[in-house]
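Kindly generate the complete structure, drawing on both the sequences and the hints.
Start counting the sequence shown at 1; every next residue gets the next number (the UniProt record's numbering).
If you are wondering where the hints come from, they were derived from the structure by calculation, not from laboratory data. For every residue, glycine included, the Cβ atom is placed at its ideal position computed from N, Cα and C. Treat the hints with care, since some could be wrong.
Simulated DEER-style distance windows between Cβ atoms [stated by the list, open to error]:
(1) 226 with 167: 55 to 61 Å
(2) 159 with 30: 39 to 45 Å
(3) 164 with 215: 45 to 51 Å
(4) 123 with 164: 44 to 50 Å
(5) 161 with 120: 45 to 51 Å
(6) 7 with 76: 17 to 23 Å
(7) 52 with 27: 18 to 24 Å
Restricting the straight-line Cα-Cα distance to at most 30 Å, the calculated cross-link-like pairs of lysine-lysine (BS3-like) are [as the list claims (entries may be wrong)]:
(8) 74 with 27
(9) 135 with 120
(10) 135 with 152
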Amino acid sequence: MSKLIEGFFPFSFNLGRNTVNRFLFLKKHEGEEKLKPSDRTLFIINVPQFFNERCLSHLFRECGIIESVFIQMKPSSGEVPSDKSKFFGPHSLEFGCKVAYVVFQHPSSLEKVFEVNDTKTINEKLFLDNTGKNKFIGDYNNSFIDTRQIQKEIVSFMNEYDTNLEKQKQQEKEKEEPDEEGWVTISKYSKKPKIPRVEGVNKRILAKMKAAQSKQTMLAFYKNQLRSVKMDEILELRKKFEQDKAKIALMRSNRKFKPF
1 MSKLIEGFFP FSFNLGRNTV NRFLFLKKHE GEEKLKPSDR TLFIINVPQF FNERCLSHLF
61 RECGIIESVF IQMKPSSGEV PSDKSKFFGP HSLEFGCKVA YVVFQHPSSL EKVFEVNDTK
121 TINEKLFLDN TGKNKFIGDY NNSFIDTRQI QKEIVSFMNE YDTNLEKQKQ QEKEKEEPDE
181 EGWVTISKYS KKPKIPRVEG VNKRILAKMK AAQSKQTMLA FYKNQLRSVK MDEILELRKK
241 FEQDKAKIAL MRSNRKFKPF
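Okay, here's the thing in structure tokens:
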């Protein structure tokens, strides 16, 4: 077994004769997941960008039967969700080395991986479509949108949306039935608020009406009281005004009377 580097086992491979050796770095996957059980899953880093599932299956085929292979840009728990839509939604450009998970059928196969000492060779036919001229041709051809496919996807999306909307409306409609106390949940899909004719609701309505009438009576009383107070204030102001006039007249007469 080779010497570990930062906890990873170096796995040597090349792309054929007259090519330099490259390295994948391996370790046992840590984590309890249904898709990636720790006793049967190999975690790999430094995976070249042009690698696909066939490349990894070819490299580890001698160790045992491979159940599944996951290649992704960064580690994750479970299977990485793929884009639901080919035409819509966020799409990220993938550059640089990747990580991978190889799941074997038997735990013994995982142990055999760390006993490999020789350099493995990959046939370029396994990844030829992902490199050089072939990759650019494929990217160019994929840049053209098939209008029939996009129309089909739009119709499928709208049908799913309409179905979910109808389910939501039906659920909201069921909520509009009065509960034990007579209350009704009004949703945005309700055409018009409905008041159920339930004894509890009728009592609450009558209580609110009585409270409103009592409030109106009190307001009327306060209005009459305020009117009376204002009249008293006006009379007091008039009385003071007359007194001030008399004082001013007296002061004027005293100023004019000069006996000497």
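Now for the hints, and whether the structure bears them out:
One distance hint, 55 to 61 Å for the beta-carbon pair residue 226 and residue 167, holds here, with the actual separation near 59 Å. Distance hint check: the CB atoms of residue 159 and residue 30 are about 42 Å apart, consistent with the given range 39 to 45 Å. A beta carbon spacing of about 47 Å between residue 164 and residue 215 agrees with the range 45 to 51 Å that was offered as a hint. Separation of residue 123 from residue 164 is about 48 Å and conforms to the stated range, judged on CB atoms against 44 to 50 Å.
Taking 45 to 51 Å as the suggested C-beta distance range, the pair residue 161 and residue 120 conforms, at roughly 49 Å. Between residue 7 and residue 76 the C-beta distance comes to about 19 Å, which sits within the given range of 17 to 23 Å. Separated by about 22 Å at the C-beta atoms, residue 52 and residue 27 satisfy the suggested range of 18 to 24 Å. About 15 Å separates the Cα atoms of residue 74 and residue 27, which keeps this hinted pair within 30 Å; it holds.
For the given pair, residue 135 sits about 24 Å from residue 120 by alpha-carbon distance, which is consistent with the 30 Å threshold. Of the pairs offered as hints, the one joining residue 135 and residue 152 holds, with about 27 Å between alpha carbons and a cut-off of 30 Å not exceeded.
Hint check: no violations occur; every hint is consistent with the structure.
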